[in-house]
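Colleague: From first to last, the protein sequence lines are chains A and B.
Residue 152 in my numbering sits at position 152 of the first sequence, with consecutive numbering throughout.
Residue 1123 in my numbering sits at position 123 of the second sequence, with consecutive numbering throughout.
Warning: the hint list may mix true and false statements.
What the hints assert, rightly or not - Coverage of chain B stretches by chain A, computed from C-beta distances (three or more under 8 Å per stretch; other residues unrestricted):
#: 1; region: 1078-1087
#: 2; region: 1101-1113
#: 3; region: 1164-1172
FYI, nobody ran anything at the bench for these hints, they're computed from the structure.
In this text, a Cβ means the ideal position worked out from N, Cα and C, and glycines have one as well.
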Amino acid sequence: MDISYTHLLIGYLLLLIPVYFLQYYKTGLVKDTLLAAARMSIQLFLIGFYLEFLFKLNNAWVNLLWVTVMILTAGYTVVKRSKQRVGLLWMPVSVAILISVIICAGFFLEIVLKLTSAFEARYFIPICGMVLGNILNTNVISLNTFYSGIEREKTLYLFSLANGAHPAEAQRYFMREALIKSLNPAIATMAVMGLISLPGIMTGQILGGSSPSVAIKYQIMIMIVIFSSSLISVLVTLWLSTRRAFDKFGIPLK
Amino acid sequence: MIQFENITISFNDKTVISDFSTQIKEGEKICFVGESGSGKSTLLHAILGFVAPEQGSIRIYNEAVSAYSIQSIREKMAFLPQDISFPYQTVKDLILSPFSFKANRKTVISDPKILAIFTQLNLEAEILHKKLNEISGGQKQRVLLSMVALLDKPIILLDEPTSALDPGSVDLVIRFLKKMTDKTIIVVTHDARFAEAFDRIIPIG
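Construct all of the structure, not just a fragment, from the sequences and the given hints.
Modeller: What follows is the structure, encoded as structure tokens:
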């Protein structure tokens, strides 16, 4: 069922409620909210037209190129948002994301869905997009937690190095904290899925005409793909980033 | 076995250590003394490869401290920094923590072995199973010294190891360290009792 542009505009009126209260409490966020909503709308409209074109074209190389651009953008965003040095970590983080997308989205498209071609635009781009969207947040949290932890508890880190730990051993505690902090939200979400909320993928499929029994299968698989790819990308991101972000004495580069 | 050769170290364009040279023999007990900010802790950090001298070299057992040798050098050391907090629950977790590193796994640790060291440092056996936040600062320092002794490394570096101890406990720690005749020990301290009891004082700054 389509939404007309008129009714879409009516839907925007719902934003008046949060805008009113953000203004009432003088949060300073009204301008940011309106700008974000405007950006979101423009970006989604543009991407909608672009995806229509990609789906019609359905060329595997073009789809691969587009997903590569998405991965590089995701890598850049992760590094910027976690306040790390872009020149140092953009490539390692992008490679980590690429590896997790290949493993997890590849597994889902080739083995679970058993598509004739895993690069079919209709499946390849949205699945990769969903994985990337979730990898973004977990990687930002993990990088932030890891590097701010080492900075804050530098004495503990140096103590471990000084008492015989190889740098990877000294970093293990901070890796554990990064994994826990970045994956806890995903675990909590999985635990209550279906109880508290009906997730977006399932809702979208049902609205698009799928039966609920088909929609939940996709939803379950997507959640497993997202969780697995989050973990793999966090591990590979941290592992690859430590090879660039520490000197040969195991000391973090400034 | 530890040689400092013309070491100069600077931070933010400020020279902290200037043209420092000395030799420390195996088994010597040394104090680094000096005013706050004179670079005493910096010298310990330089031995451990945490700071790089801009001039000069440090040799341990005739091997220059470098990115190539640093891991094997650190595996010969035990180090206690001045102030440190740990994410462990109990005293036993803290003591066992460095023994999970590959370099230390061959060292056999048991409760009787730990308690034997505790006795020498006037720590009660019950402390071993207490939570870290249930012991005093002075007890924590002696627990850390126990851990250092258990690591059984030839070189021990201690940065203000007795800052939270009463005079009686300081004397106990000094006797404990002096008994380790086969260990080379460098202590950064403001406590004059170390200076009196140890083999040599090296003024810094």
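Colleague: The region 1078-1087 of chain B covered by chain A? Criterion: 3 or more residues, Cβ-Cβ distance below 8 Å.
Modeller: That given contact holds, which follows from 9 residues of the region 1078-1087 of chain B lying within Cβ reach (below 8 Å) of chain A.
Colleague: Per the coverage rule (Cβ-Cβ under 8 Å, at least three residues), is the region 1101-1113 of chain B covered by chain A?
Modeller: holds (count 4)
Colleague: Mind checking, does the region 1164-1172 of chain B have 3 or more residues with a CB under 8 Å from chain A?
Modeller: violated (count 0)
Violated hint for the displayed structure: number 3, the only one.
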